[in-house]
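J.: In case you want the letters, here they are:
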Amino acid sequence: MTTVLLDPSSETVPAERVRADRLEALTGKTIGLLDIRKARGDVFLDQLEERLTERGASVLRYAKPTFTKPAPIDLRHEIATQCDAVVEALAD
Amino acid sequence: MSSSPSDSSSDATVKPPLPDGIVAFVKRDCPTCELVAPVLASLAKDAPLTVYTQDDPAFPDGVARVDDTDLAVSWHHEIEAVPTILRVEGGQEVERALGWHRGEWEALARVPDLGPGLPELRPGCGSLSVDPSRAPELAIRFSGSTLKARRVEIAELEDEQEAFFDRGWTDGLPIVPPTEARVLRMLEGTTRAPDEVVATVPPDLAPCTVEKVAINAVMAGCKPEYLPVVIAAVEAACTDVFNIHGLLATTMSAGPVLVVNGPIRNAIGMNAGKNVFGQGNRANSTIGRALQLVIRNVGGGRPGEVDRATLGNPGKVGFCFPEDEEGSPFEPLNTMFGFEAGTNTVTLFPGEGPRTIVDQIARDPESLCHVFADALRHMLTPKMVLAFDVILVVSPEHSRIFREAGWTREDLLKRLHELTLLDGDDLVRGANGIAEGLPDSVRGNQVPKFRPDGIRLVHAGGGAGLFSAIIPGWANGEMGSAPVCKAITS
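Residue numbers (numbering that gives the first Met the number 0), protein chains in the order written: chain P, 0 to 91; chain F, 0 to 489.
Simulated from the structure, these hints should not be mistaken for lab results.
Please note: incorrect hints may appear among the correct ones.
To give an idea of the chain F side of the interface with chain P (calculated C-beta under 10 Å), a few residues [unchecked claim]:
#	residue
1	A154
2	W168
3	K222
4	G299
5	V370
These stretches of chain F come out as covered by chain P in the derived footprint (C-beta under 8 Å, 3 or more residues) [what the hints assert, rightly or not]:
#	region
6	141-150
7	260-270
8	323-335
9	357-363
In this text, a Cβ means the ideal position worked out from N, Cα and C, and glycines have one as well.
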């Protein structure tokens, strides 16, 4: 039996996060690669771009201004409108 | 001979009508109901009688019974005891008798000589509709929920504590899960409507209703009777003067410190005595926590985000205590804010953890004042002046010294302000080998450690121990915060 509890927050964020739909294939899809500007993130993403292109995806490259701060909202918007999926290169 | 509960309206919130005549409410698990069962059977011969039965639809014999095992009729007609008999005319209840009382039953039924073999009087039992284990759920079912908060479904295999931790809704300690029944019970602690907005809570500037305060108070572990204190504390915290946003965002250690005055302290069982700042008393421990949960959950004020404290202090989980007014030689704290002594108030002070002052030798006020002043002068650093207020908490063994000498609060505060005047030469940058300090312009002047109303006095603590304490404050005045005292209303 489920328990129903009351939300103690201001309810400005969803109570549950719904996962985005997964891609069924890469062919013809646009994949964003986001470099957060940690050292050698570009090396990793270069490799990934090569593999994704081989599998028929087109790739767009993005970079955050700095890894110390969240991605600016404009950048997030750009990726969301231009890409079907995004891969973020975290850590170094 | 009996009908089922589904005969009544399908909308559980609609009050079911009663048939005209005599109406009785009984349960088999009540010796008085068993006792009067023959009386009801004989009454049924002389008058139109309907019996609502709460536990056993087959009880009692020989009467027109209605199954009220779902308690809808009993709840809506506010039956508090069984047996209860009513006289209903034109669909309206006109008379009511509780338990068995021959004279009352005869008068109500207009039938003489009822239950000749029975005692004159026999009290009844509690109605199942007011049974504490059922009442909250019945209230939800029959009054219809007026609560507006989003419902969060926790699956059977999910742990509700973990679900709340995962959503960032706790302070790192477990919470009492806020079920609708618990929140409704909490709301019984106030006469204010659940949808009334109490305050706009920083940093998100989110409107906070009485219902949201109640949800967080449940989570903190409060009892319903604490709710008015929590509501007043939320109101006080969210004033411009108290500036909870700044207090939250500061890198300094302070947080809201709550001091409760007035008869409500004793009514809700707060501890102003031994271990007053410590653990062990439910009201002391949960009221301050409820305020902090409101700031976290409704306001969005979370450590590491808008809360930028370098060190913080353990009291930021919740720091609330009452003043020992009864044992104090001084006027209570709330009179420093224009309230009459005896008024229920909560004072919010932007403060950090208490530091003990030890003096086991002083037997005269002057000597003790010097010790207090020493501690006060060193608050934060001796060179930090005027920008920070303080609460001085005097315990009973120390306050006795002032009582015996006939000192008032004003006498004590005046002397402390005199003794905390500092020599400007000791405060300038570089003085005493310390780089920190004031500009050279104070050289040759005396500088007060505290602004004129910067020392607040509270009496609290156990009866044994020659100790007092200071609770250092945070940046005072327009740019920072000032203590705010609010009346607690029901």
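J.: It remains to establish, for every hint, whether it holds in the given structure.
T.: Against the structure, the hints:
Because the beta carbon of A154(F) sits about 6 Å from the nearest beta carbon in chain P, less than 10 Å, this interface hint is met. Here the hint on W168(F) is kept, as its CB sits about 5 Å from the closest CB of chain P, short of 10 Å. Because the beta carbon of K222(F) sits about 17 Å from the nearest beta carbon in chain P, more than 10 Å, this interface hint is broken. For G299(F), the interface hint holds, since its Cβ comes within 10 Å of a Cβ in chain P; the closest pair sits about 7 Å apart.
Interface hint at V370(F): violated, since its Cβ lies 45 Å from the closest Cβ of chain P, which is beyond the 10 Å cut-off. Interface restraint, the region 141-150 of chain F with chain P: holds (4 residues with C-beta to C-beta distance below 8 Å; minimum three). Given as covered by chain P, the region 260-270 of chain F fails the check, having 0 residues with a CB less than 8 Å from a CB of that chain where 3 are the minimum. Restraint check on the region 323-335 of chain F versus chain P: 0 residues with Cβ-Cβ distances below 8 Å, three needed, restraint violated.
Counting residues of the region 357-363 of chain F whose beta carbon lies closer than 8 Å to any beta carbon of chain P gives 0, which falls below the threshold of three, so the coverage claim is violated.
In this structure, the hints that do not hold are numbers 3, 5, 7, 8 and 9, in rising order.
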